[in-house]
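Here UniProt numbering is used: position 3 in the sequence shown is 3, and no number is missing along the way.
These are computed hints drawn from the structure, not numbers from a lab. Be a bit skeptical, because a hint or two may be false.
With a Cα cut of at most 30 Å, we get these calculated DSSO-like pairs of lysine-lysine [said to hold, decoys possible]:
{"id": "1", "residue 1": "K224", "residue 2": "K163"}
{"id": "2", "residue 1": "K191", "residue 2": "K169"}
{"id": "3", "residue 1": "K246", "residue 2": "K9"}
{"id": "4", "residue 1": "K140", "residue 2": "K163"}
{"id": "5", "residue 1": "K9", "residue 2": "K205"}
{"id": "6", "residue 1": "K254", "residue 2": "K300"}
{"id": "7", "residue 1": "K93", "residue 2": "K145"}
{"id": "8", "residue 1": "K163", "residue 2": "K93"}
Derived CB-CB ranges, DEER-like [to be verified]:
{"id": "9", "residue 1": "T77", "residue 2": "V206", "range": "37 to 47 Å"}
{"id": "10", "residue 1": "K205", "residue 2": "G144", "range": "14 to 24 Å"}
{"id": "11", "residue 1": "L126", "residue 2": "G266", "range": "43 to 53 Å"}
{"id": "12", "residue 1": "L167", "residue 2": "E305", "range": "17 to 27 Å"}
{"id": "13", "residue 1": "Q286", "residue 2": "G60", "range": "47 to 57 Å"}
{"id": "14", "residue 1": "D63", "residue 2": "Q243", "range": "42 to 52 Å"}
{"id": "15", "residue 1": "E305", "residue 2": "A130", "range": "50 to 60 Å"}
{"id": "16", "residue 1": "C57", "residue 2": "D88", "range": "33 to 43 Å"}
{"id": "17", "residue 1": "V7", "residue 2": "K191", "range": "18 to 28 Å"}
{"id": "18", "residue 1": "A130", "residue 2": "K300", "range": "42 to 52 Å"}
{"id": "19", "residue 1": "P46", "residue 2": "N229", "range": "49 to 59 Å"}
{"id": "20", "residue 1": "N288", "residue 2": "D63", "range": "25 to 35 Å"}
{"id": "21", "residue 1": "T228", "residue 2": "V7", "range": "26 to 36 Å"}
Only a predicted model underlies this, so the values are computations on that prediction, with no experimental measurement involved. In this text, a Cβ means the ideal position worked out from N, Cα and C, and glycines have one as well.
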Amino acid sequence: MTLVKNVAKGTAHGKIILIGEHAVVYNMPAIALPFTTATITVEVSPYQGKSYLESACYCGSLDQAPGDLAGLQACLTAVCADLDQSSDHLYIKVDSMIPAERGMGSSAAVATALVKALFHYFQVDLSSEALSAYVEIAEKITHGKPSGLDATVVNSIAPVYFKRNQLPKAIPLNVDGYLIAADTGIKGHTKEAVGDVAKLVETAKVQTMDIVHHLGQLTHQAKKAIMTNNLPGLGEILNQSHQLLKDLTVSNPKLDQLVQAAQDAGACGAKLTGGGRGGCMIALAQSNQDASNIAQKLEKAGAIETWIHPLGEANHD
Numbered sequence: 001m002t003l004v005k006n007v008a009k010g011t012a013h014g015k016i017i018l019i020g021e022h023a024v025v026y027n028m029p030a031i032a033l034p035f036t037t038a039t040i041t042v043e044v045s046p047y048q049g050k051s052y053l054e055s056a057c058y059c060g061s062l063d064q065a066p067g068d069l070a071g072l073q074a075c076l077t078a079v080c081a082d083l084d085q086s087s088d089h090l091y092i093k094v095d096s097m098i099p100a101e102r103g104m105g106s107s108a109a110v111a112t113a114l115v116k117a118l119f120h121y122f123q124v125d126l127s128s129e130a131l132s133a134y135v136e137i138a139e140k141i142t143h144g145k146p147s148g149l150d151a152t153v154v155n156s157i158a159p160v161y162f163k164r165n166q167l168p169k170a171i172p173l174n175v176d177g178y179l180i181a182a183d184t185g186i187k188g189h190t191k192e193a194v195g196d197v198a199k200l201v202e203t204a205k206v207q208t209m210d211i212v213h214h215l216g217q218l219t220h221q222a223k224k225a226i227m228t229n230n231l232p233g234l235g236e237i238l239n240q241s242h243q244l245l246k247d248l249t250v251s252n253p254k255l256d257q258l259v260q261a262a263q264d265a266g267a268c269g270a271k272l273t274g275g276g277r278g279g280c281m282i283a284l285a286q287s288n289q290d291a292s293n294i295a296q297k298l299e300k301a302g303a304i305e306t307w308i309h310p311l312g313e314a315n316h317d
């Protein structure tokens, strides 16, 4: 008889892409920050009957869960099959502070926390390679062609410089300044946006890949700006990045409105973050007071929630 714990927990946190989203799918680099103020916890415990999920978006039998939880179901099935365990008789409770479908890595975070909880529950050691593989199963179903960036950052304690098919590199983020994140209140459409960029690559390859390569160059410049504590330079790079992402058709009017509001309020720079078509945007400020003022202006412009993150402490959380 296999030993199991009565209750096992797994945790993960959100992420913010500073620069490089979408281009990272085409082997360009990206920089992402662990967003440790927004966490997710998954608890697994024994249950009589078919496995049951308790979460903010759905409570009920897991086999009756809506389609947007298909990735999570596939992840559970794969883990249990590999561990020679039944995927039934589990009570899975999800407690998330990460807003869903906002480009903050919620799907990768919940899959990460679930896999950790399951391995704890069945008392089996979990390697980082296995964790990544299981999360990728969920992410492929959820996002179609995931870059792997979310899966890396939601389990990282340091900012990550990431390029597809290469080992991610932790980088210090000691630039003096503050990052403001704002939620448009509109669900992002990552899978749709990624698919539409892929169509652009097919129908207008030269122009689209020029944009993608330009985004890659901006990520290199952003890394240099971070290493040399050049916040104004980093801000201008973010402004340029947003315009290029607009050219890739992954922004939307609400994101553009909030980016403009942040710029008008004195932000060093601003852009969408994540998959786009909704979700969140980010802005940079030189002081906490400036950041608070920008956050207030963003809320007046329609943001439903804002967060302020001190960049110089991002790798010390």
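These are the hints, each one checked on the structure:
Our distance criterion of 30 Å between C-alpha atoms is met by K224 and K163, whose separation comes to about 16 Å. Between K191 and K169, the direct Cα distance comes to roughly 26 Å. Compliance with the 30 Å bound is thereby established for this hinted pair. A distance of roughly 40 Å separates the Cα atoms of K246 and K9; the hinted pair therefore is violated under the 30 Å criterion. For a cut-off of 30 Å, the pair hint linking K140 to K163 stands: about 18 Å separates their Cα positions.
Distance hint between K9 and K205 is unfulfilled; the C-alpha atoms sit about 46 Å from each other, more than 30 Å. Between K254 and K300, the direct Cα distance comes to roughly 13 Å. Compliance with the 30 Å bound is thereby established for this hinted pair. Restraint check for K93 and K145: the C-alpha separation of about 28 Å stays at or below 30 Å, so the hint holds. Proximity of K163 to K93 is assessed by CA-CA distance (about 33 Å); at most 30 Å being required, the pair is judged violated.
A C-beta distance of roughly 42 Å is found between T77 and V206, which places it inside the suggested range of 37 to 47 Å. For K205 and G144, the hinted distance range of 14 to 24 Å is satisfied, since their beta carbons lie about 19 Å from each other. Between L126 and G266 the C-beta distance comes to about 46 Å, which sits within the given range of 43 to 53 Å. For L167 and E305, the Cβ-Cβ distance of about 34 Å falls outside the hinted range of 17 to 27 Å, so the restraint is violated.
The hint said 47 to 57 Å for the Cβ distance between Q286 and G60, and at roughly 48 Å that hint holds. Roughly 45 Å separates the CB atoms of D63 and Q243, a value that falls within the hinted 42 to 52 Å. Judged by the Cβ atoms, the range 50 to 60 Å given for E305 and A130 is violated: they are separated by roughly 34 Å. Separated by about 22 Å at the C-beta atoms, C57 and D88 break the suggested range of 33 to 43 Å.
At about 33 Å, the beta-carbon gap between V7 and K191 misses the expected band of 18 to 28 Å. Distance hint check for A130 and K300: the Cβ-Cβ separation is about 46 Å, which falls inside the suggested range of 42 to 52 Å. Between P46 and N229 the C-beta distance comes to about 52 Å, which sits within the given range of 49 to 59 Å. At about 48 Å, the beta-carbon gap between N288 and D63 misses the expected band of 25 to 35 Å.
Separation of T228 from V7 is about 48 Å and departs from the stated range, judged on CB atoms against 26 to 36 Å.
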